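A.B. asks: Below are the chains, spelled out letter by letter.
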Amino acid sequence: MRLEPIAHPSLARQLGLPVAAIMATVVVAGGLAALAGANPFAVLGQIITGAVGSKFAALETLNRATPLIFTGLAVAVAFRAKLWNIGAEAQLYAGSIVAVLLGTGALGGPLVLPVSAVAAMLAGAALLLVPVVLKVRLGVDEVVTTLLVNFIMALFVSYLLEGPMKDPMGMGWPKSAALLKEARLPRIIDGLRLHWGFGLALIAALTVWLIQTRTTLGFEMRAVGQNIRAARFAGMPVNAVLVKTALLSGGLAALAGWSEVAGLKGHLSLDLSPGFGYTGIIVAMLALLHPLGVVVSALFVAGIFVGSDAMSRAAGVPTYIADMLLATALLFMVLAILLTRFRVVRG
Amino acid sequence: MTPTVQKAEVVLRLDGITKRFGGLVANDAICLTLHRGEVVALLGENGAGKTTLMNILFGHYVADAGTVWVRGAALPPGHPRAALRAGVGMVHQHFTLADNLTVLENIRLGTQPLLSLGGAAKARAKVDQLSRDFGLAVHPDARVGSLSVGERQRVEILKALYRDAQILILDEPTAVLTPQESDALFATLKQATARGLSVIFISHKLHEVMAAADRCVVLRHGRVVGEVATAATSRAELAALMMGEALAETQVAPGVAGAVRLALDAVSSPGLRGVSLHLRGGLITGLAGVSGNGQAALADLIGGAVLPTAGVIACDGAAVTQWSARAALAAGVGRIPEDRHKTGTVADFTLAENTALETYASRFARAGVMNWAAVRAHALSVIRDYDVRCEGPDQRIRLLSGGNMQKLILGRVMEEQPGILIANQPVRGLDVGAIAYVHSRLVAARDAGAAVLLISEDLDELERLSDVIHVISAGRLSRPFDRGALSRAEIGLLMAGQGFDHAA
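As you go down the protein sequences, you meet chains A and B in turn.
Each residue of the first sequence is one higher than the one before, counting from 1 in the numbering used here.
Each residue of the second sequence is one higher than the one before, counting from 1 in the numbering used here.
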């Protein structure tokens, strides 16, 4: 068996295969539910109702999608330039630390939100800058360094919450003090549990898309990612492009943590992120690294998580089914993408 | 055709092979016979159907019609192993050897387990015998990674012979070889055919076909347009058959020397030792040499990819201080890279994006925002003016043939009206028509006043186009010679590193 490239995939192929991938995911999900002893159709129904079945559920899905849009964008931007940033989780926490540092009394007044957002982005960018400078100057593999920084950051946050940043009024729980009211992101509509972090995430997606398609920097990022030798030959400042990519990617990931603290939780705790940084990789891959696609895939992934939570409570099927669903969805989607571009030929 | 060849047994017969890809007829009722002990050249431009035909012979494709007969037995279509078992061996243009294994291990790989007891000794004896019989000298215990390209090719041939190949197919075997290695290969082929091996030799280099083949089958647009004994034909006739029209090999009129545009004064860099070079406007300066003697280093240096470690580069009389690819482009240096796939283009970018690779910032952007409409319009004019055969500016460049890709690069470079043009192997791998086109554009640039540096391993090409020729050897540059001032033998000595004056 061989793969033969398809010059012009038909529209049927381009649309049909992803739909087939989703169908296949649904079938696998049904099988898993049956294995867990539940009615597959009921489980699927409960996942869907749990994700979008009510106003409350839909808003919960949008809230859950917010950090995933940010981390998905961070990964998409970096991967597009073949900069393998696996450290979105650490950059997310860097942003959340800044939100707490500036939001619990260090700053006041109306400027606290924009200032702390910018500071959070700088912190995330700085965190990714170190591995990237090591890569550019010394050839150190950024997959290893960015991944390891995640563990350092997790321990650092744990130290902060047990030590200097521990809430004295927190009854001994490892969490930070609560943010001041003016440091909190307001809700988009009064009375509805959806904060402006979601709006900011949409704006971020649009901005990244504009950067990638309309600017010289975007052109350089794509060229560096597709063929670094040709980019260098053509006179592109390859190292500077990688550094700028890192700044953008780290900044976006940091906004995920910042908006979770400032918009949703109001304080920093160890369970702020259930792996949003890692799930961002899945979100970006499902979106084929397209910044607007990231919004769609983040909503899809968030829906599966929120829906599975609800289903789990109702049907008694473990929530791990959400992780398995995502993994199978990703596998089938990657296969579908491969088959859009290549045809399998016998012999 | 010599009488002995006519009498010899037919070992391979392709009978009416037809293969269509959609509307394109890649092979149209092709018939071809190969006799024992014969070398047949399969000649044709890129896209003439040579590769498709060989893929059918090897069972990689299934023909729509026609049969492959090997020594009287029809091969089942679509079974690559059947061809191998019938004694057909193929040496691809890109070798399929494992660098970290020895020659012997590579040869045995895939035929028998490497750890079998006693197998190694038997294999060694067989390989020794084969390399003696066929004059393929390679040390069986050498690591393939440490071998030269010519030696690796010998290993590939040995591998085929080890599997008892009676018919050997060589796909553009000289594309990666130095002239000396090519000559050695032809000597090997003579020896091999004397022992009864039959060879199909795929090429589009006419002089090699004339030197190595007994008979020549010419393909054009998927059809056999001629079959001639090489003894009874000429290069001009073969070229005419390939092109479908008589191709006049004219000498290019000399250029009119202008001012020195680029001067290197005792410049050293990784791969170059104290090189002094003057590129004058209105002249084509040829650079001759065996591949790997510093040509790439010189092109990189002038193109701004590397910095000199010593010496001075002067552009239009002024010494340059900050040298980089951007600085070179800004100084009017146009660069046609050696490898159009790896450095010249971004495969998944559109034609339009590829035309803007070098000038996107200087020409097509304001305040960091791209003007894609202007890029697209520019690409359209390049496609039109440089005869790039494609679907349009939004097509991905990876789908273009080598010749069309090169035309696009040529257009990208020429449209900037470079005062200095570095053309590194600009026609490598192109077919005859595209070669003529690229050459005419280089001459046009020269006549418009550009200083052209033409780097090539093809002396014919250099002598036809260059006004002045330098020879490069081991990173040193000879003094310049006017076209025709040196004989081939003298140039050959310089290429081998002899007769460099110490001043150079």
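These are calculated hints, taken from the structure and not from any lab test.
Fair warning: there could be bad hints in the mix.
[Unchecked claim] Simulated coverage check for chain A against chain B, where a stretch passes if three residues somewhere in it have a Cβ under 8 Å from a Cβ of chain B:
1) 179-186
2) 208-219
[Claimed, not checked] With a cut-off of at most 25 Å between alpha-carbon atoms, the simulated SDA-like pairs for lysine to any residue come out as follows:
3) A:244 x B:122
4) B:342 x A:207
5) A:82 x B:320
6) A:244 x B:387
7) B:126 x B:54
8) A:82 x B:348
9) B:342 x B:237
10) B:205 x B:387
11) B:342 x A:180
12) A:265 x A:214
13) A:82 x B:417
14) B:126 x B:37
15) B:122 x B:93
16) B:342 x A:105
17) A:244 x B:367
18) A:82 x B:330
19) A:181 x A:238
20) A:265 x A:180
21) A:181 x A:82
22) B:342 x A:319
23) A:265 x A:217
24) A:244 x A:214
25) B:122 x B:132
26) B:342 x B:316
27) A:82 x B:396
28) B:190 x B:327
29) A:244 x B:322
30) A:244 x B:258
[Unchecked claim] Incomplete in silico selection of chain B near chain A, CB under 7 Å:
31) 260
32) 263
33) 306
34) 307
35) 325
36) 326
37) 343
38) 348
39) 360
40) 366
All figures in this text were calculated on a predicted structure; none of them were measured in a lab.
Positions of the beta carbon are idealized from the N, C-alpha and C atoms, including for glycine.
A.B. asks: Now tell me, hint by hint, if it's right for this structure.
C.D. replies: Structure-based check of each hint:
1. With a threshold of 8 Å between beta carbons, the proposed coverage of the region 179-186 of chain A by chain B is violated, since 0 of its residues qualify and at least three are required.
2. For the region 208-219 of chain A, the stated coverage by chain B holds: 6 residues have a C-beta nearer than 8 Å to a C-beta of that chain, and at least 3 were required.
3. Straight-line distance between C-alpha atoms of residue 244 (chain A) and residue 122 (chain B) comes to about 60 Å, which puts the hinted pair past the 25 Å bound.
4. Of the supplied pair hints, the one linking residue 342 (chain B) and residue 207 (chain A) is violated, its CA atoms being roughly 31 Å apart against a limit of 25 Å.
5. Distance hint between residue 82 (chain A) and residue 320 (chain B) is unfulfilled; the C-alpha atoms sit about 34 Å from each other, more than 25 Å.
6. Only pairs whose Cα atoms come within 25 Å are accepted, and residue 244 (chain A) paired with residue 387 (chain B) is rejected, the gap being roughly 38 Å.
7. Only pairs whose Cα atoms come within 25 Å are accepted, and residue 126 (chain B) paired with residue 54 (chain B) is rejected, the gap being roughly 28 Å.
8. This hinted pair checks out: residue 82 (chain A) and residue 348 (chain B) have alpha carbons roughly 14 Å apart, not beyond 25 Å.
9. The straight-line distance between the Cα atoms of residue 342 (chain B) and residue 237 (chain B) is roughly 35 Å, outside the 25 Å bound, and the hint therefore fails.
10. About 23 Å separates the Cα atoms of residue 205 (chain B) and residue 387 (chain B), which keeps this hinted pair within 25 Å; it holds.
11. The straight-line distance between the Cα atoms of residue 342 (chain B) and residue 180 (chain A) is roughly 55 Å, outside the 25 Å bound, and the hint therefore fails.
12. Straight-line distance between C-alpha atoms of residue 265 (chain A) and residue 214 (chain A) comes to about 36 Å, which puts the hinted pair past the 25 Å bound.
13. Restraint check for residue 82 (chain A) and residue 417 (chain B): not satisfied, since their Cα atoms lie roughly 34 Å apart, outside the 25 Å limit.
14. At roughly 21 Å between alpha-carbon atoms, residue 126 (chain B) and residue 37 (chain B) fall within 25 Å of each other, so this suggested pair holds.
15. Between residue 122 (chain B) and residue 93 (chain B) the CA atoms are separated by roughly 29 Å; this puts the pair beyond 25 Å, and the hint is violated.
16. For the hint linking residue 342 (chain B) to residue 105 (chain A), the alpha-carbon distance of about 55 Å lies beyond 25 Å, and the restraint is violated.
17. In summary, the hint linking residue 244 (chain A) to residue 367 (chain B) is supported, as the alpha carbons are separated by about 16 Å, within the 25 Å threshold.
18. This hinted pair does not check out: residue 82 (chain A) and residue 330 (chain B) have alpha carbons roughly 28 Å apart, beyond 25 Å.
19. Taking the CA atoms of residue 181 (chain A) and residue 238 (chain A), the gap is about 44 Å. The hint is violated against a cut of 25 Å.
20. Between residue 265 (chain A) and residue 180 (chain A), the direct Cα distance comes to roughly 12 Å. Compliance with the 25 Å bound is thereby established for this hinted pair.
21. For the given pair, residue 181 (chain A) sits about 40 Å from residue 82 (chain A) by alpha-carbon distance, which is inconsistent with the 25 Å threshold.
22. Taking the CA atoms of residue 342 (chain B) and residue 319 (chain A), the gap is near 47 Å; set against the 25 Å cutoff, the hint is violated.
23. Under the criterion of a C-alpha separation no larger than 25 Å, the hint pairing residue 265 (chain A) with residue 217 (chain A) is inconsistent with the structure, at around 35 Å.
24. Taking the CA atoms of residue 244 (chain A) and residue 214 (chain A), the gap is near 16 Å; set against the 25 Å cutoff, the hint holds.
25. Simply put, residue 122 (chain B) and residue 132 (chain B) have alpha-carbon atoms about 16 Å apart, close enough for the 25 Å limit, and the pair holds.
26. Between residue 342 (chain B) and residue 316 (chain B) the alpha-carbon distance is near 31 Å, which puts this suggested pair outside the 25 Å criterion.
27. Pair hint residue 82 (chain A) plus residue 396 (chain B) holds up; C-alpha atoms about 20 Å apart against a cutoff of 25 Å.
28. For the suggested pair residue 190 (chain B) and residue 327 (chain B), the alpha carbons sit about 52 Å apart, so the restraint of at most 25 Å is broken.
29. For a cut-off of 25 Å, the pair hint linking residue 244 (chain A) to residue 322 (chain B) stands: about 23 Å separates their Cα positions.
30. Simply put, residue 244 (chain A) and residue 258 (chain B) have alpha-carbon atoms about 44 Å apart, too far for the 25 Å limit, and the pair is violated.
31. Interface hint status for residue 260 (chain B): violated, as the beta-carbon distance to the closest one in chain A is roughly 24 Å, over 7 Å.
32. Using the Cβ-Cβ criterion of 7 Å, the hint placing residue 263 (chain B) at the interface with chain A is not satisfied: the shortest such distance is roughly 22 Å.
33. Checking residue 306 (chain B) against chain A: minimum C-beta separation of about 11 Å lies over 7 Å; hint violated.
34. The interface hint given for residue 307 (chain B) is violated, since its Cβ lies 14 Å from the closest Cβ of chain A, which is over the 7 Å cut-off.
35. Satisfaction of the interface hint for residue 325 (chain B) is found here, the shortest Cβ-Cβ separation to chain A being roughly 3 Å, below the 7 Å cut-off.
36. Interface hint at residue 326 (chain B): satisfied, since its Cβ lies 4 Å from the closest Cβ of chain A, which is below the 7 Å cut-off.
37. Hint on residue 343 (chain B) holds. Least Cβ distance to chain A is approximately 4 Å, under the 7 Å limit.
38. A distance limit of 7 Å between C-beta atoms decides the matter here; for residue 348 (chain B) the minimum to chain A is near 5 Å, and the interface restraint holds.
39. A cut of 7 Å between beta carbons decides the hint on residue 360 (chain B): the least distance to chain A is about 6 Å, and the hint holds.
40. Annotation: residue 366 (chain B) was flagged as interfacial toward chain A, and the flag is violated, the nearest CB pair being 10 Å apart, outside 7 Å.
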